[in-house]
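Add chain B to chain A, keeping to what the hints say.
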Amino acid sequence: MDSITQKDVIRIMELVEKTDTDELHLEMGDLKLTIRKGVAAESMPSMPALETTSMPVARDVSAPAPGLEKADQGAAPDMFEDRTDGVLTIKAPMLGTFYKAPKPGAAPFVEVGQIVDKEDTVCVIEVMKLFSTITAGVQGRIVKVLVEDSQMVEFNQPLFLVEAVTVKEAPAKRKIS
Amino acid sequence: MTRISRVLIANRGEIALRVIRACREMDIETVLTVSEADRLSLPAQMADRSVCIGPPLSSQSYLKVDTIIAAAIGVGADAIHPGYGFLAEQPELAKACAKYGLIFIGPRAEHIKQMGDKIFARQVAVDTGISIIPGSQLIGDYRQAAEFADQTGYPVLLKAAAGGGGKGMKIVKNPADLRVAFNEASAEARSAFGDERLYLEHYIENARHVEIQLFGDGHGNVVHLFERDCSLQRRYQKLVEEAPSEALDPGLREKVCRAAVKIAAQIEYQNAGTVEFIFDRDQEQFYFLEMNTRIQVEHPVTEQITGIDLVKEQFGVAAGNPLSFEQKDVNFVGHAIECRINAESPENNFLPSPGKIEQWIAPEGDNIRLDSHCFPGYVVPPFYDSLLGKIIVTGSSRSEAIAEMSAALRRFQISGIHTNIPFHRQIMDHPDYQTGEINTRWIENRLAKEHHFHEDD
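Each protein sequence line maps, in turn, to chains A and B.
Quick note: the first sequence, position 1, residue 1 per our numbering, numbers continuous.
Quick note: the second sequence, position 409, residue 409 per our numbering, numbers continuous.
Simulated from the structure, these hints should not be mistaken for laboratory data.
For glycine and all other residues, C-beta sits at the position ideal for the given N, C-alpha and C.
Heads up, some of the hints might be wrong.
Stated by the list, open to error - Here are some chain B residues pointing at chain A (derived, C-beta under 10 Å):
{"#": "1", "residue": "S50"}
{"#": "2", "residue": "V51"}
{"#": "3", "residue": "I53"}
{"#": "4", "residue": "Q60"}
{"#": "5", "residue": "V65"}
{"#": "6", "residue": "D66"}
{"#": "7", "residue": "D78"}
{"#": "8", "residue": "A98"}
{"#": "9", "residue": "F120"}
{"#": "10", "residue": "G316"}
In isolation and in its complexed conformation, chain A is listed as follows (with noise of 0.2 Å):
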C-alpha cells in the first residue's frame, strides 16, 4: 500500500490519542504527517505570508501588538489567533477603559495561575459608562495579565495570555504537515 487517504489520517489520529504518545512523525515516500496532541499547534499550515511595513515608530505606545496584521482585511478579525508559541491570548473586543475587578477594591475576576473556561468573566471594559463584561473566549490557565487596571485599551489589544490545560474532555488539537 502506498497511499494513505483521509480515513487512514483520522484512525491514526485516533489512536494516538488512546496513548501516552504525544507526538508521532511518519513518512511514506513523499508523504510526512505529523501528529501533537496537547497545546496549540506551533503553526498551521502555513497562512501566505502578510506583508507589512514596519510597525509605526510610535512613543508612548501601550499595545506593540505583537504579530498582528494578518491584512486580509474584510474577514472577521482573528481575536484569538494563537501566538507561534501556543500561548493563547485573550484580546479587547472593543477600545475602552479595562477594569480587572467588578468594582474598585474588590477581588480581580481572575488571577494569574486561575484557570478560566471559555464563559469565564475575565474584566470589564468600559465606554462612556457603558461597561461590557468580557469572556475568556478560551479554556486554560491565566500565565500573564498583560494591561493595567484603569488603563486605556484598544480593539484587539491583547489583555490576557493562557496556557491551554489539557482537561480530560479538552480535544486534542492536531498538526498535519
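Below, chain B without anything else, positioned relative to chain A:
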C-alpha cells in the same frame, strides 16, 4: 485661550496626513484613530501614536462617537480634529467634545446642526437677503409637486430633504415625466436616508458651482478667502476644483464673497466653513445652495493662491484665538487647479478599484503639491472612499496651470490598481475646459459622450 498640545485625529487617508503635517509645524502631538484596516497606513506611521478603535467597517470604527471620545480621553488628548466626512458634520461629536472638556476643531455643534438642515440654511440665506433657487418648501405628494413645478417652470430638480451626494435627485424636463421621477426620487430618498421627503426647485441648465471659503473666529470676525470653482462633477461628486473661478469678474466676485460672509456672520459662525452657490451663467445670477461646516477636500487650491494655511488656522481659532489675519490681508495670486485622484476605473463606469498599488511614481515640481497617503506597496482597502490623493498645481495664469496639470498627470505613474488619471488628462486637454465652456453637467453631457475612457497605458 487654551493651548492645544495633543490632538486626536479622528479620520484616515490624505486628510489625516494633512492634519498631522500641520500639527508638526505647530509642535502639537498627534494621535491617530485607526480601524484594523488602517493600522499600517502612512498616517498611522507618521502620527506620534495610533490607537485602534475597531474593525474595518466605518460604522464600527470611524463613526463611533463614544469610542472616539473614550480614545481621546484615554490618550490624554485635549482636542479632536474630525477631518472631513465621517463625523465632521455630525453634531453629536462636537457636542460630546463640549461635554467632556475636549476642544472640537471645527464649528460649534449648533451650527453644524443648523446648517446641516437644508431648510433652515435656506431660511438663513433668505433672511440675509440672498437669493435661493426658486423652488418649493417640502412637497407632500405628486399633485403638490406638479403645482410647484408649474409655478417655478421646467426643468425642475427634485431633491431629497435629507439629501446629499446626489441620492434622491432627479431632473425633470417636462410635465409628462414628473410622476415617474417623483416616485423614483422618493424611493431613492427612502432607501438612502430613511426619509422620503422631497423638495423641488427650478433647475438651472448652464450652472457653475462656485463656493466661498470662509473663516469665523467667534470674536466677531468673519472673513472670506475668495472662491473655488467646482463645476466639474460627475454624479454630484467633485472631480476638479480651481481657484479663482474664471466665470467671475471682480464685481461679481466681490458680490458673492460679501453674500457668503453675511450668512456666516448672521449665525456668528466659528472656524472654517464654505458657502456653496449655484451661478446661473446665462442670467449672471447667484443662488445660495448650502453651507458646509468643515474643512473641505478642495481646501488646498485656496491655500495655494492665498498663501494661508487653513488647517493651522482651524487650530488657532478652535483654541480661542482671534483670526491671524484680517480681510484686507487676504489676497490671491495666480491660479490653482486640483484633480482628485480616485481608485476607480473610468472605462468601467467608474467602478471602484481597491487593491495593491504596485507602482506609485508621483510627479514633482515647484508648482506641484500632492496630498496623498499612498506609496508603492500600499493596499487600498475596499471599505472607504476611493480617494487616493489630490494633485494640486499652481500657475501664474489659468492656462499655465492647465498646461502644468496636464504635464504632471502624464508623469504620474500608478500601476496595480485603476485610477481616473486618464480621465483627468482628457479634461485638461479638452478645448471646452481650456476655454471655460463648461458647467456642472459638462462631464455627463459632453465628455462622457465623446470618450469611452480607455486606459491607454
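Hints, verified against the model:
With a least beta-carbon distance of about 6 Å to chain A, the hint placing S50 (chain B) at the interface is held under the 10 Å criterion. About 5 Å separates the beta-carbon of V51 (chain B) from the nearest beta-carbon of chain A, less than 10 Å, and the hint is met. For I53 (chain B), the interface hint holds, since its Cβ comes within 10 Å of a Cβ in chain A; the closest pair sits about 5 Å apart. Interface restraint check for Q60 (chain B): the shortest CB-CB distance to chain A comes to about 9 Å, inside 10 Å, so the restraint holds.
Look at V65 (chain B): its Cβ gets to within about 9 Å of chain A, closer than 10 Å, so that hint holds up. The criterion of a C-beta within 10 Å of any C-beta in chain A is met by D66 (chain B), whose closest approach is roughly 4 Å, and the hint holds. Because the closest C-beta pair between D78 (chain B) and chain A is about 16 Å apart, greater than 10 Å, the hint is violated. Annotation: interface hint on A98 (chain B) violated; nearest CB of chain A at approximately 14 Å, more than 10 Å.
The beta carbon of F120 (chain B) is not positioned within 10 Å of any beta carbon in chain A (closest approach about 29 Å), and the interface hint is therefore violated. The interface hint given for G316 (chain B) is violated, since its Cβ lies 26 Å from the closest Cβ of chain A, which is over the 10 Å cut-off.
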